[in-house]
Amino acid sequence: MTDGTHAHRRSPGARGAVGVVPLGNVGGVALRIVAANVQAVSGLATDVLEPRPLPPSAYLGDRRQYDASRIIAHMAGWSELNSHARIIGLVSVDLCVPILQFVFGEAQMGGRLALVSGARLRTNPDGSEVPLDRYYERLVKVALHELGHTLEIYHCDTPGCLMCFSPSVSHLDRSDIRLCSRCLFLFNRAVHALAHPKEKPL
10 MTDGTHAHRR SPGARGAVGV VPLGNVGGVA LRIVAANVQA VSGLATDVLE PRPLPPSAYL
70 GDRRQYDASR IIAHMAGWSE LNSHARIIGL VSVDLCVPIL QFVFGEAQMG GRLALVSGAR
130 LRTNPDGSEV PLDRYYERLV KVALHELGHT LEIYHCDTPG CLMCFSPSVS HLDRSDIRLC
190 SRCLFLFNRA VHALAHPKEK PL
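Letter by letter, the sequence shown follows residues 10 to 211 of the working numbering.
What the hints contain is simulated information worked out from the structure, not anything from laboratory work.
Note that the structure is predicted; figures quoted are calculated from it, not measured.
The reader is advised that the hints may include incorrect statements.
Unchecked claim - The calculated lysine to any residue pairs, modelled on SDA-like cross-linking and capped at a C-alpha distance of 25 Å, are:
id: 1; residue 1: Lys207; residue 2: Gly119
id: 2; residue 1: Lys207; residue 2: Arg73
id: 3; residue 1: Lys207; residue 2: His158
id: 4; residue 1: Lys207; residue 2: Leu53
id: 5; residue 1: Lys207; residue 2: Ala54
id: 6; residue 1: Lys207; residue 2: Gln117
id: 7; residue 1: Lys207; residue 2: Leu195
id: 8; residue 1: Lys207; residue 2: Phe194
id: 9; residue 1: Lys207; residue 2: Ala49
id: 10; residue 1: Lys207; residue 2: Asp76
id: 11; residue 1: Lys207; residue 2: Ala94
id: 12; residue 1: Lys207; residue 2: Ala26
id: 13; residue 1: Lys207; residue 2: Glu161
id: 14; residue 1: Lys207; residue 2: Glu89
id: 15; residue 1: Lys207; residue 2: Arg121
id: 16; residue 1: Lys207; residue 2: Ser92
id: 17; residue 1: Lys207; residue 2: Asn91
id: 18; residue 1: Lys207; residue 2: Met118
id: 19; residue 1: Lys207; residue 2: Ser101
id: 20; residue 1: Lys207; residue 2: Leu193
id: 21; residue 1: Lys207; residue 2: Asn197
id: 22; residue 1: Lys207; residue 2: Ser88
Build the full structure now, drawing on both the sequences and the hints.
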């Protein structure tokens, strides 16, 4: 995992393939680390974008959480960011979807948009706080996992693969920042298609 020193804001005329955008109150270090690792793993130029507010309509008062699907639907209206092939939203609020009590992230399968939350990544199941390096590692894993979904990679059954489903931070900690051979092939093929859209598929 890289420390974020290679993530930077580009000039307005220069656009990367991936944009990482904070929604609401998100730490700058976390943003840079996520962007740097997305760029390092995928090889795709990655931008840290200007912050945006969370959509109030996504808040579920009865659950005291934000509906991840509603936030992604809100992100879909950002037409001025269409020059980025993929957008990863980063939030510090707790996320859920109607059928799950919480999610670490959500993505459009085969689409442009992904969403990642750090809300449940700072602590262990017993409530103890984890060191910052563990928190950042978890955040990077979730971001890359959700990016994988946008590249049409489904959940994997290979132990340790980054695309394994992680229902808890304990499961997340058992995954590596790596892909199994099958998912790596799919990932590289999809990334190549993004970087070279006019070429025939590999």
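These are the hints, each one checked on the structure:
1. Lys207 - Gly119: 18 Å, holds
2. Lys207 - Arg73: 45 Å, violated
3. Lys207 - His158: 22 Å, holds
4. Lys207 - Leu53: Roughly 16 Å between the alpha carbons, so the hint for lysine 207 and leucine 53 holds.
5. Lys207 - Ala54: 18 Å, holds
6. Lys207 - Gln117: Answer holds: lysine 207 to glutamine 117 is near 23 Å, not above 25 Å.
7. Lys207 - Leu195: With Cα atoms ~18 Å apart, lysine 207 and leucine 195 stay inside 25 Å; holds.
8. Lys207 - Phe194: 20 Å, holds
9. Lys207 - Ala49: 23 Å, holds
10. Lys207 - Asp76: Violated: lysine 207 and aspartate 76 sit about 36 Å apart, past 25 Å.
11. Lys207 - Ala94: 14 Å, holds
12. Lys207 - Ala26: 15 Å, holds
13. Lys207 - Glu161: 19 Å, holds
14. Lys207 - Glu89: Within the cut-off at roughly 23 Å; holds.
15. Lys207 - Arg121: 18 Å, holds
16. Lys207 - Ser92: 16 Å, holds
17. Lys207 - Asn91: 18 Å, holds
18. Lys207 - Met118: Roughly 22 Å between the alpha carbons, so the hint for lysine 207 and methionine 118 holds.
19. Lys207 - Ser101: 37 Å, violated
20. Lys207 - Leu193: OK: lysine 207 and leucine 193 at ~22 Å, within 25 Å.
21. Lys207 - Asn197: OK: lysine 207 and asparagine 197 at ~16 Å, within 25 Å.
22. Lys207 - Ser88: 23 Å, holds
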